[in-house]
Amino acid sequence: MHLPDGFLDARTALLSTGAAAAGITLAVRRVKASLTPRQIPLLGLSAAFVFAAQMVNFPVAGGTSGHLIGGVLASILLGPSAAIIVITCVLMVQCLMFADGGLLALGANLFNMAIASVCGGYFIYTILRRLLRGDPLRAAVCAAAFAGWCGTVLASICCAGQLALSGTVSWSLAFPAMANIHMLIGAGEGLATGLIVLAVLKSRPELVAGFAEKPMESRGTVVSYGLLLCLGLAVFVAPFACPWPDGLERVAESLGVSSKAAAPLVTTPLANYTFPAFTSATVATAVAGALGTLIAFIAAYGLARALVPALKSSKADAGKNHV
Amino acid sequence: MRAAVEIKELSYRFPGRPTPALDRLSFRVEPGECVAILGPNGAGKSTLLLHLNGLLPEKFGDAPQLWIDGEPVTPANLAQIRRKVGLLFQDPEDQLISATVFEDVAFGPCQLGIDGPSLESLVKDCLERVGLPGFEAREPHRLSHGEKRRVCLAGVLACEPAVLVLDEPTSDLDPRGRREFKALLQRLPGAKLMATHDLELAVDLCPRSLILDGGKLVAQGDTLQLLADEKLMLAHGLERPHSLLHRHPHGPAYQLHRL
Amino acid sequence: MQARTTFEGQTWLHRVRAGLKLAVTLAVVLFTVMLPRRPHLAALVPLSFLLIVWLSARPPLRLMLKRLLVAEFFILGLALLTVFNPAAAPLVAAALIKSNLCVIALLLLTWSTPFLEILHVLRRLGLPEVMLSTLALMVRYLPVLREESRRMQRARASRTFSSGRRLAWRSLGNIIGQLFVRSADRAERIYLAMCARGWK
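Residue numbers (the working numbering), protein chains in the order written: chain A, 1 to 323; chain B, 1001 to 1259; chain C, 2001 to 2200.
It should be emphasised that the hints constitute simulated quantities derived from the structure, not laboratory data. One should not assume that every hint holds.
[To be verified] Calculated pairs, PhoX-like style, for lysine-lysine (alpha carbon to alpha carbon, straight line, at most 20 Å):
#1 2200/C x 32/A
#2 1231/B x 1008/B
#3 1124/B x 1059/B
#4 1231/B x 1216/B
#5 2200/C x 1059/B
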């Protein structure tokens, strides 16, 4: 998902950089205010941890393998503010040390993976964990798995929005493609996130932010992250998601961009010419999305049910799998 | 004369643990003296060392129980204590936090406000003292284990401590690394206190030893005599070093020969 | 206190100040990105510039191609999206040219500039202290953690006798969880070691 340079135009890249910078500034402030000196080395080590975890290969089908992205995992383990800083550092090192992801596109990558994915995943994790009754461990694993899936999909939707806003690929083409691929990738991410959170909670629950006695993020911070996320979605996604035909033009105008510049050059043959086709495509996407989300949630719940009681009843079995 | 280290009735319990990690410890270390702290794993050796630097306890009691160079260890003078006590951690990876050797050796002096040419000459000097001249620009992860440990030592020496506290200074070193590091320690002035499982190190460097078990001081005295007491050694998870059998035919080890 | 890392195989490009290289790379990328959305002759400007730098610095071709290939996957994936529309051909071609030029520019920067020097530039640019310390610690401990994770995976593999995917995911989850626990413990020891040398 690391966007290279050359796919986003300068305007979108700068817009994303601004949004990412706002989020990171907020996170830095929060971390300065709330972090004890004792926790400062933990940020650096967590960044190295996320990077090292990304290098672990999970076997997928037919000899291929995938790896963790880790944004949602970091937000669950460290809280959103620290996670934003950690993932930001990971992406910066990947860009400036390994040339992974573009330089001008760094802002967009930061927004998608360090802010949208981290904050979105964190919201879903916290809300779900509170809603789910019963065993707190099982609730946490289910919430973590589902949040991991959602965070991945959310980041890909933002990415599709940025591509469409740049005029590289039309929204009606980019959105379903990105969302569909990442609904699959997200399944792996969610599964891995759930398994890792379970492993940490079983051996050292006190290390997980907000699980033992560690304080949760303050309400104000959560609200401001939410606002930022909504703002980003409004800029990158809303112009395209809205069913009125002139929605794109209107937003483009209000952003001071001529509609010509924002109109994508590549479109599907039908999408933008006939209004009914566009709506039906949107509806179909919405239905598919809702269905995918439901399946992901049921899968996360099933995973948690399968993992937690089984592990509780047989500690010896858990020890056997350990490392 | 002021003791380099003086401890009176020091006790400590980790939060949430039933048994104390340190149980009413009392001892003295004279200036320039080299003392080994021996004992099985979990005896409280590392916990004791962290106390010497004021890193433990988290909350200080009313009356000081530790004095370094005559100064009580209290929250008010922690900075001074940490300057006087140089602590070498067991795993050099934990101590080497900077990206280059130079920055790492300079870490302590920078906290003291030293910079510019005086900092550079200090770092150069410290690296020469540990036998790594010209290593300034090297990166820690490209060093061998023994080199890492020496850089750590240079970083500690750069703060010019009066007391050197070492946690397992020779663990994970190959025989040559161990020999060289031992020779290096021998050349350093000042009081030294080292927790170790390396009994040869204790024999060679430390005339006096303390034996810790279960947080209690179970024995102290002449290193050779302590190590020759097989019953004491076995009771506390230790064993007499083989070198004792050959080194002192007329010393305490002579009796061991007959066994 | 800026200690420059020196190693074998340095070229003139390595000796250029990191800040300058970063600025030039950004300028090249910006110029390339702002080119029109069809293959355009102006692309020859960054191309010839990068070619001159490349030929005079001579980076190891193999390493660079390997990294270029990694970047190419994404580029091809996106190109595939638009391949069914013949009208998109010039756009895809332009995007391919642009992204390849940008990737080469970035590769030249990362190949010739140790991250430490970039870190010094970021410090001068006023990046918040907490991010600088996180970046510095991250770069320092990345090899340590990677080795730790490798050791754990090897230990797991040595005791794995079946090739079930389910079991593999479970134990990989455990390994990563354990890696986090160890990282947190190490962070605690690092904090103590920093305090012991008068930090804060």
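Notebook entry, point to check: Within a Cα-Cα threshold of 20 Å, do residue 2200/C and residue 32/A meet the stated pairing?
Noted result: Distance ~14 Å between residue 2200/C and residue 32/A Cα, so the pair holds.
Note to self: Next pair to validate is residue 1124/B with residue 1059/B; report whether the Cα-Cα distance is within 20 Å.
What the structure shows: With Cα atoms ~38 Å apart, residue 1124/B and residue 1059/B exceed 20 Å; violated.
Next item on the list: For the pair we were handed, residue 1231/B and residue 1216/B, check the Cα-Cα distance against 20 Å.
Entry: With a Cα-Cα distance of about 17 Å, the restraint between residue 1231/B and residue 1216/B holds, given a limit of 20 Å.
Check: Between residue 1231/B and residue 1008/B, does the CA-CA distance stay at or below 20 Å?
Finding: At roughly 28 Å apart (the allowed maximum being 20 Å), residue 1008/B and residue 1231/B break the hint.
Margin query: Would the hint linking residue 2200/C and residue 1059/B be met if the CA-CA limit is 20 Å?
Written below: Satisfied, since the Cα-Cα distance of roughly 17 Å is no more than 20 Å.
Hint violations for this structure: numbers 2 and 3, all remaining hints satisfied.
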